[in-house]
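J.: Put chains B and C with the ligands on the given structure of chain A with help from the hints.
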Amino acid sequence: MHDDATHGQGNSVLLPRPTAWPMALALGLSLIFAGMVTNVAVAALGLAMTLAACVGWFRQVLPHEAHVPVAVIAEEVEIASARTLIQRPQRSASAAPRKVLPVETFLIGNGIRGGIAGGLAMTVPAGIFSVLKYHSFWYAINLLAAGGFVDWASASNAFLCQFHLQGLLAALVIHGLTSLLVGLLYGAMLPMFPRYPIVTAGFMAPLLMTGIMFSALNILSPILNQRIDWPWFILSQIAFGLVCGYVVNLHAKVRTPQFQALSFAERAGLHSNLVELDGSQADPSQTGVQRGTQPGTKNGDKEDGAL
Amino acid sequence: MAVQTTTTAGTTQAAPRRLLLEVLHDWVTTVDHKKIGLMYIGYALFFLVVAGCQALLMRIQLAVPNNHFVSPQTFDSLFTMHGTTMVFFVGMPILFGFGNYLVPLMIGARDMAFPRLNAFSFWISAFGGMLLYFSYFGASGLYGAGSAPDVGWFAYAPLTAQIFSPGHSTDYWTLAILLSGIGNIGTALNIVATTICMRCPGMKLNRMPLLVWLYLVTSCLAFVTISPLTAAQIMLMLDRYVGSHFFDTQAGGSAVLWMHFFWIFGHPEVYILVLPAFAFANEIIPVFSRKAIFGYPAMVAASVGIGFISLSVWAHHMFTVGLGPGPNTFFTLATMVIAVPTGIKIFNWLATIWGGKIHFTVAMMFATGFLFQFLIAGLTGIMLSVAPFDWQLGNSYFVVAHFHYVLVGAILFMIFSAFYYWFPKMSGRMLSERLGKWHFWIFLIGFHLTFDFMHVPGLLGMPRRIYTYEADRGWMIWNMIVSSGAVFQAVATLLFVYNMVWSYFKGPIAGPDPWDAWTLEWSTASPPPAYNFAEVPTVESRRPLWDIKHPEDPDSRYE
Amino acid sequence: MSQTAVIPQTANEAWILPSRGVVGMACLIVAESAIFTIFVVAYLYYLGRDQRGPTPRQVLDLPLFTSICLLSSSLTVHLAVAALHRGRRHACSLWLAATVLLGSIFLGGTAHEWYTLIYRDGLTIQTNLFGTTFYSLVGLHATHVLVGLAMLSLALVFSLNGSMSAKHTGRLEVLSLYWHFVDAVWVVVFTVVYVLGR
Ligand code: HEM
Ligand SMILES: [Cu+2]
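Chains A, B and C supply the protein sequences, listed in that same order. 1 is the number of the first residue of the first sequence in my numbering; add one for each residue after it. 1001 is the number of the first residue of the second sequence in my numbering; add one for each residue after it. 2001 is the number of the first residue of the third sequence in my numbering; add one for each residue after it.
It should be emphasised that the hints constitute simulated quantities derived from the structure, not laboratory data. Quantities reported herein were computed from a predicted structural model and do not represent experimental measurements. Glycine is no exception: its CB is placed at the ideal position from the N, C-alpha and C atoms. Among the clues, some could well be false.
[Claimed, not checked] So the derived list for chain C, only partly shown, Cβ under 10 Å to chain B, looks like this:
(1) V2030
(2) A2031
(3) V2041
(4) H2180
[Said to hold, decoys possible] Pairwise CB distance ranges (calculated):
(5) E65(A) <-> P1325(B): 56 to 66 Å
(6) V1242(B) <-> A2091(C): 17 to 27 Å
(7) I1163(B) <-> Q162(A): 49 to 59 Å
(8) F1069(B) <-> F203(A): 52 to 62 Å
(9) V1242(B) <-> I73(A): 54 to 64 Å
(10) G2162(C) <-> A52(A): 24 to 34 Å
(11) E1022(B) <-> Y2119(C): 57 to 67 Å
(12) G1252(B) <-> T2143(C): 20 to 30 Å
(13) G1324(B) <-> A158(A): 41 to 51 Å
(14) F1164(B) <-> F203(A): 50 to 60 Å
(15) T1249(B) <-> V2147(C): 53 to 63 Å
Next up, chain A with everything else stripped away, as it sits in the complex (with noise of 0.2 Å):
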């Protein structure tokens, strides 16, 4: 709040004035809460302390908040890069002077919507093999179950292979959150490589499914992890993958902030000197803005889908 005058007369700065009646009362309630382990002397005058504080300290703000001025000292603070000495490159004025980057992104939300997507068509090859090596389509969902139900652990194939409804409940709850969280860090990360969704969700989708889910599960659900079919699993994996990927890339990117700083030719044309840039690299030192991702928009080809 800048408002009850801040400004003091002239050249100064109105402060809170200083106080030792906040301490006090601090004091005092330390004093009583003392006293109920020593004595109640102790106590008493704790209270005393107490009241008193909050008598000074009321008066400190009532009726007026008490300030008191504090001169400004005359002090040169220049603020300036320690690091612009180095000449950088004459550039054309619209040019970005620092690697923007992405121009063009995809919005977290379609990272949420593959990894649904992408949990969804992952039962299928989970389905199929539950189906081709035991058949009952049930045994895959009560294996992932199974992490839940600890007393499931022992539990023979047999037991796998019938349904239960708690088993789906529990397979349903541990598969839909961890497509959509796998799908949500996916999200998170597309900012950092905007271009190929489909190569990094078939490769980095399994990744980061392996890696979050199953590896803790190798603990969590050592039923899960003796009877696991790595072949099969692994398909799976690339069956999120793929189409979380796909369904990440059915979705328009959006422009990046970035976007506004480009000069209107290369709006237009979205295919200008940003390769160049990367090629005639300035003091890294200038570089604000993310480097090292690469440019969102090297050709116009991204529009049509890469891959």
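T.: Frame of chain A; chains B and C with the ligands shown alone:
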């Protein structure tokens, strides 16, 4: 922290003999957020040394089997006092100290929203710490022999009942924490009100430095975290003083209820401690990578997300109680979910460093250590969040290693980093980088010696809070290594303290902006004058100083 | 002059931020709510777990009249703030006095209730779990009422001797926020203890 004269006009060259008293008077009556911040930090550093010495005593006791270096009673009070001190009288005050100092400066304000409340909060926390340590003299009432609290830092019922802990030692623990809790709520309230109501023109919420955002989340978390603890402590006081039965198992009270209440506080509390460490990283990593932080909105969202999720995971501290399959599954999943926003943060820090022009100053070295160690600590955390795994390792040294990996490897590292980064602002002088590098490397070696190897005796079944052990358990060599690492850490910390004292008097003059940084605190003198800014600044982007330094290419064009 | 980061603002929009008093009180209310939540949870957790009486059903009566008094004091304190805002100081004093009176009736009711519980029914905080949780929850609330009453009385005194004027509206409003909160808590306590708990 050493005393520093201010640039206030009033306190110019008084007669040298009166100076000490005057300076003291200045500090006692001050309502200036910078001085209060420094007092917070100084007081926390003092207790850091105290609790560090307690840790050393415990490590000496455990270094070899069948040791009787201290008595079992002393050992109990050592680990209780160590834990309580570190959490309530080191962690909280040091973080609130930095918050007090930095938040108003970073948002271009002249003081906190409630300067007097700020002073009150500091003093009441400080007196809380003193009361806790007074127990060494007066724990059985003033006339009996003293004895410190010895019920562990989470003080499980029914150990705290009058019959099992007679005298007043447990009351000292409760009262000290109540006092510090009042102070913490006061400061948290102040930080929230300051960030919401005191921002300088143009400092919209989405332009606030990430540090301020994180302090906002931390403070909001404090309201819903410290208060339940306060409530539980009031219940415990009622039990002990007027004979109610909240946690009295003889009369139908529940010991498990205390556990719930304590951990409803306890888990978010660890996030209250770690979020400010994230906050420091958010400021320090970009400056020394010479790049803007990557994914600012995602960072904010992740911080808020962590705040919310951390409220729903407390019972992962209680798997061994036997909660049943439903709660076990829920709390396992909820705990794992935290990994997602945390992961987002780690990725964003890496993306910030990626391709940057990294300057490995001591601050950046500590920040790098933080990144790496926090990752590992998170992984052991995920392992412990799995109920069956926890049944095996709960209450073992593995848990101790896990949380010290966070508390030391992440939080303390980031606090050191923050000292190297902001000390020039606070004192006007640079810390010695040469000594700092020694400090970093010795501490790093000590840290890894102690806490990497501490996982092993845990896996071998060594329970925590054990007084001593038999030689044939196979824990001996590991404990020896762990204890020897503690020596390294102690030496490094001494080096750090020496560095601070030496640099305060002899260090090179820092100037207002030694790191070529971008946030508002670097736009004023070092140390800042009492009024912070002669003119209230106006900002147009997240990096106001970048805009000034590069008028041809301001950030405001991109946001 | 220390040069600060001043960048001429393009649009000279007004820079208005919320009042710090209101924000501070809101924070305090959140923190206090958390404390009450824990006490309410404890009450509900121990409800009906007693081995011996008296039980809530045997001894508790609905404190309808005093509750109505407390709740209507929310209205009067609001009217007091409104009156002060419009500069009608006498009306403000009147409404404040009414608030204090209503609050005192509530406290008196609680005192009477406790008296009968202790001396007629023999229920103390030590008797059983119901006694433990009942006295602590209701007592915690009563403490808040007491603090609120003390501050309202202070405001009343200042209002009567004429040192309160329209420019103090903001502060009185913060106080009234606290009072509304105390009333809202009573709604919860009333529901839990006297309606659900019996
Ligand atoms: C990814 C994040 C984390 C996970 C999944 C996690 C998980 C866990 C689990 C499951 C336990 C209980 C172990 C047991 O008692 O058997 C635990 C203990 C603990 N954690 Fe973490 N943790 C995480 C991060 C943190 C952080 C950031 C901190 C501190 C700032 C922390 C501090 C602690 C402490 C102090 C304890 C032990 C409390 C005690 O028993 O005294 N943890 N953690
Ligand atoms: Cu936890």
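J.: Need the list of violated hint numbers for this structure, in ascending order.
T.: Violated: hints 4, 6, 13 and 15.
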